[in-house]
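The lines below spell out each chain.
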Amino acid sequence: MPNQMPFADKLSKIGEQAYFFRSFFRNIFKRGFEWEELFRQCYIIGFRSTGICALTGFILGIVLTIQSAPTLKDFGAESYIPGMVSVSIVREIGPVIIALICAGKVASSIGAELGSMNVTEQIDAMEVSGANPVQFLVVTRVLACIFMIPLLTIFADAMALIGGYLATALSVGMSAQLYFTKAVSILDYTDVFPAVIKTLFFGFAIGFVGCYKGFTSNKGTESVGLAANSAVVTASVWVIIIDAIVVQITNSVVYN
Amino acid sequence: MEDEKVIEIRGLKKSFNGKAVLEDVNLDVRKGENVVVLGKSGTGKSVTIKCIAGLLQPDGGSLKVFGEEVTELDEDALKALRCRMGFLFQGAALYDSMTVRENLEFPLKRVLQIKDKEEIRQRCEEVLEAVGLTDAIDKMPSDLSGGMRKRMGLARTLIVRPEIILYDEPTTGLDTITSREISELILEMQKKYKTSSVIITHDIPCAKLTADRVLIMNEGKYIAEGTYEELEKSEDEFIRSFFK
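From first to last, the protein sequence lines are chains A and B.
Note that the working numbering has the first sequence beginning at 34, numbered continuously upward.
Note that the working numbering has the second sequence beginning at 71, numbered continuously upward.
Just chain A, with the same shape it has in the complex:
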C-alpha cells in the first residue's frame, strides 16, 4: 500500500505540530520562567534587527512617495501624500514587510540555532539533565518575537514617515510640520489597532515556526540548512495567510 505512507506521515506531522503547540503553551505557565533568557532573546531578536528594519522602513517611505507623488501632482492633490503614505504604511505595508524581513532574519536564525543544537545533541543534553528545553529555548524565543515584532513594526513605520517626508520635501517642498500633522491626524484607532494586533500574530508565527523547524530537525549538518530554509519559507507563507485573514476580519468588523 504505497500511497498510505505519505498520508500517515502527514498525519504524524500534524500530530507532532499540535503536540509542540500544546507543549509551548503549557510551558509558558510552568514554574521557573526564564526571565533572563527572555530579555536576552528580546535584545537579540529586537535590538539587533533595528538597523535593517529602520533602513527598510525609511526606503519604503521614500519609494512610496516617489511612486505616488507625480500622479497626485497631476491632479493637484499633493497635500494627500502624507495621509496616503501614513495610512498605507501603518495599515498594511509596514507590518507585512517587517514581518517578512523578520521571517528571513529571525525565523532562519532561530531555525538554524536550534537545528544546530539538535544536531550537536545540546537539546538532548538539556533534557537528560532534567532541565526543560521547551521552557528555556522555545517559550523565550516565541514570546520575544511576540513582544519585539510589533515594536520593530512601529519603529519601521516611524522611519517610513521620515523617509516619506524627505521625499515629499524634495519633490513638492512641503514643510515638516505640515507633513507630520497631516500624516498623523489622518490615522485613527481603526488603522493602528488592527495593525498592531496583526503584528502580534506575525510574531507568534515567526517565533513558533523557527523553533518548531529547529527543534524537530533531523540529525546531520544538512538538516541545519534545511531547518533554516524551511523556517523562512513557512514563516513567510504564514505571514501572508495571517494577513489575508486579518484583513477580512478587519474589513467586516471595523470598517463596516
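Bear in mind the hints are in silico, worked out from the structure with no lab data behind them.
Since the model is a prediction, treat every value here as computed from it, not as a measurement.
Certain hints may be false.
[Claimed, not checked] The calculated DSS-like cross-link candidates involving lysine-lysine, where the alpha carbons are at most 27 Å apart (straight line), are:
1) Lys89(B) to Lys63(A)
2) Lys149(B) to Lys252(A)
3) Lys149(B) to Lys63(A)
4) Lys43(A) to Lys89(B)
5) Lys291(B) to Lys252(A)
6) Lys75(B) to Lys264(B)
7) Lys303(B) to Lys278(B)
8) Lys134(B) to Lys149(B)
9) Lys314(B) to Lys101(B)
10) Lys63(A) to Lys110(B)
11) Lys46(A) to Lys278(B)
12) Lys252(A) to Lys110(B)
13) Lys89(B) to Lys252(A)
14) Lys43(A) to Lys83(B)
15) Lys185(B) to Lys252(A)
16) Lys209(B) to Lys187(B)
[Stated by the list, open to error] Distance windows between CB atoms, simulated:
17) Asp245(B) to Ala51(A): 17 to 25 Å
18) Asp221(A) to Leu182(B): 50 to 58 Å
19) Leu182(B) to Glu125(A): 49 to 57 Å
20) Ile293(B) to Arg73(A): 32 to 40 Å
21) Phe80(A) to Glu289(B): 51 to 59 Å
Beta carbons: idealized from backbone N, C-alpha and C, even for Gly.
Here the structure of chain A is known, so what remains is to put chain B in place on it, guided by the hints.
Showing chain B alone in chain A's frame:
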C-alpha cells in the same frame, strides 16, 4: 561493588522505520559497577543508553532504573529520575552559547534549584578541579580542545552528583594520550563519587582500564558477557576480534 541493581533491563526492543535495532536486550548494572559495552557501529549500543535516559521510548520489554519502570514514569517522575543520572554525549554537547561557568551553572540553577551563589561557585570550582580545568572557567566551549570539551562535559555531568553515568563513546576522536587521560578520569570519578556507569566504546584500552564487566553487542543483542580478561581469551573468534 554492591549487589543492589541500579539498572535492570529485560527483553528490551526498539526499531526505527520497521528496522529492529534492539532485539531482546538484557542488562543488569549493580551499584558502583562500571559496565563497558563493546560492539560494531550501528548495533544499538547508543540506542540502549538513550532508552535508559528516557530520550527514546522502547517498543517493548522492561527497563527499570533504581527499581522504577522508566517507560511508565510521568514527566515529573522522569525529571526526578534524570536528576540522579548523568549522560556524557559523544561530542560532549556543551551549550555553545554559554561559557564554561554558565554550562556548569545551568543544571545547578534549573534542575537542583540552587540559589546560593557561594554554593554554586564552590560546586563549579570543585568539579573543574576534579577534571583539571580550573583555568577554563570563563572560556567559551569553542575555545576548548577536543579533550578539554570531553573533560568539561564530564564536569557538567558530575556537578549534579549523579548516581549513574552513561558514557556514549567518551574517547572517540581523541589521541591516544588524551583517551587514556579521559579513561583514567572515568575510573577516578567512579572511585571518588561512587557512581555506577555504562560505558559505550570502541576504544579497547579504555575498556580494559575502566571495565568491571564487559558486554559485547551484535545485531541488537548482547552475545557475550564477562570480565575483560575472560572475553579476551574467548574461544569465539568474533568475540576475540574485538580485542585484537
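Taking the hints in turn, this is what the structure says about them:
1. Distance check on the hinted pair: Lys89(B) and Lys63(A) sit about 38 Å apart at the alpha-carbon level, beyond 27 Å; violated.
2. At most 27 Å may separate the alpha-carbon atoms for a hinted pair to count; Lys149(B) and Lys252(A) meet this at roughly 24 Å.
3. For the hint pairing Lys149(B) with Lys63(A), the CA-to-CA distance comes to about 14 Å; that is within 27 Å, so the pair holds.
4. Simply put, Lys43(A) and Lys89(B) have alpha-carbon atoms about 21 Å apart, close enough for the 27 Å limit, and the pair holds.
5. Under the criterion of a C-alpha separation no larger than 27 Å, the hint pairing Lys291(B) with Lys252(A) is consistent with the structure, at around 25 Å.
6. Proposed proximity of Lys75(B) and Lys264(B) is supported: the alpha carbons are some 14 Å apart, at most 27 Å.
7. The suggested pairing of Lys303(B) with Lys278(B) holds, with an alpha-carbon distance near 13 Å, which does not exceed 27 Å.
8. With a C-alpha separation of about 15 Å, the suggested pairing of Lys134(B) with Lys149(B) holds against the 27 Å cut-off.
9. Between Lys314(B) and Lys101(B) the alpha-carbon distance is near 30 Å, which puts this suggested pair outside the 27 Å criterion.
10. About 43 Å separates the Cα atoms of Lys63(A) and Lys110(B), which puts this hinted pair outside 27 Å; it is violated.
11. The suggested pairing of Lys46(A) with Lys278(B) is violated, with an alpha-carbon distance near 45 Å, which exceeds 27 Å.
12. Under the criterion of a C-alpha separation no larger than 27 Å, the hint pairing Lys252(A) with Lys110(B) is consistent with the structure, at around 20 Å.
13. The hinted pair formed by Lys89(B) and Lys252(A) meets the criterion: a straight-line CA distance of about 18 Å does not exceed 27 Å.
14. Under the criterion of a C-alpha separation no larger than 27 Å, the hint pairing Lys43(A) with Lys83(B) is consistent with the structure, at around 26 Å.
15. This hinted pair does not check out: Lys185(B) and Lys252(A) have alpha carbons roughly 35 Å apart, beyond 27 Å.
16. For the proposed pair Lys209(B) and Lys187(B), the alpha carbon gap of about 20 Å is at most 27 Å, so the pair holds.
17. For Asp245(B) and Ala51(A), the hinted distance range of 17 to 25 Å is not satisfied, since their beta carbons lie about 48 Å from each other.
18. For Asp221(A) and Leu182(B), the hinted distance range of 50 to 58 Å is satisfied, since their beta carbons lie about 54 Å from each other.
19. Checked against the given bound of 49 to 57 Å, the beta carbons of Leu182(B) and Glu125(A), roughly 51 Å apart, stay inside it.
20. As the Cβ distance of Ile293(B) to Arg73(A) is approximately 50 Å, the hint placing it in 32 to 40 Å is violated.
21. For the pair Phe80(A) and Glu289(B), the supplied restraint of 51 to 59 Å holds, since their beta-carbon distance comes to about 54 Å.
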